[in-house]
Amino acid sequence: MFLSVQYGLLLGAGLASLNTSYTCHPTCIPSTATNNDLVFDGRSAFLNLDLVNAFVEPVAKRHEGREWISSVKCWIEALHDLESPLIIFTRPYFSSAWQPELGPDSPFRGPAGRIGTAEDVKTMIYPSFHVKPEAGDVVLQKIGYSAGTSNSLEQILLAQS
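Numbering (our numbering), first residue to last: 1080 to 1240.
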């Protein structure tokens, strides 16, 4: 049976048993992690890419989407329970509706489409995924395909090593 990355990591860490109904469609990708491979220490960081309303709400309307949301929520909560890993979220948004961060020839201009500003509810982290700044969670702006485009992700990760 195929396990989502979150499910496989949680089982590998011995944190929880989750129910999944994924049927390997169209292709199964077996986990390469074993119990011995997983070590959550002070140098661990977990990146949650673009878990924002604009991207999550459409899948939340389907049963499979709700299962995925539940799995990701459980994963984030399990990480919070560990109290040691750095949890990083990215939010795609621009400083204004004009998207001044993108040049006219930017390859991200088309896909960026209707991504809004920081105040736009569609660019905010989906409510099921609890961000805990008091626990050290970090939310970074993302203005391109890469999680580290024009933000401090690289510096944060270097500081953790």
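Treat the hints loosely; a few may be bogus.
Stated by the list, open to error - Here are the simulated BS3-like cross-link-like pairs (lysine-lysine), alpha carbons at most 27 Å apart as the crow flies:
hint: 1; residue 1: K1140; residue 2: K1152
hint: 2; residue 1: K1201; residue 2: K1140
hint: 3; residue 1: K1152; residue 2: K1201
hint: 4; residue 1: K1201; residue 2: K1211
hint: 5; residue 1: K1211; residue 2: K1140
hint: 6; residue 1: K1152; residue 2: K1211
No wet-lab data here; the hints were simulated from the structure.
Evaluated hints:
About 16 Å separates the Cα atoms of K1140 and K1152, which keeps this hinted pair within 27 Å; it holds. With a CA separation close to 16 Å, the supplied pair K1201 and K1140 stays within the 27 Å bound. About 18 Å separates the Cα atoms of K1152 and K1201, which keeps this hinted pair within 27 Å; it holds. Distance restraint check for K1201 and K1211: the Cα-Cα separation of roughly 19 Å lies within the 27 Å cut-off, and the hinted pair is therefore satisfied.
A hinted pair counts as satisfied when its Cα atoms are at most 27 Å apart, and K1211 with K1140 qualifies at roughly 26 Å. Our distance criterion of 27 Å between C-alpha atoms is met by K1152 and K1211, whose separation comes to about 13 Å.
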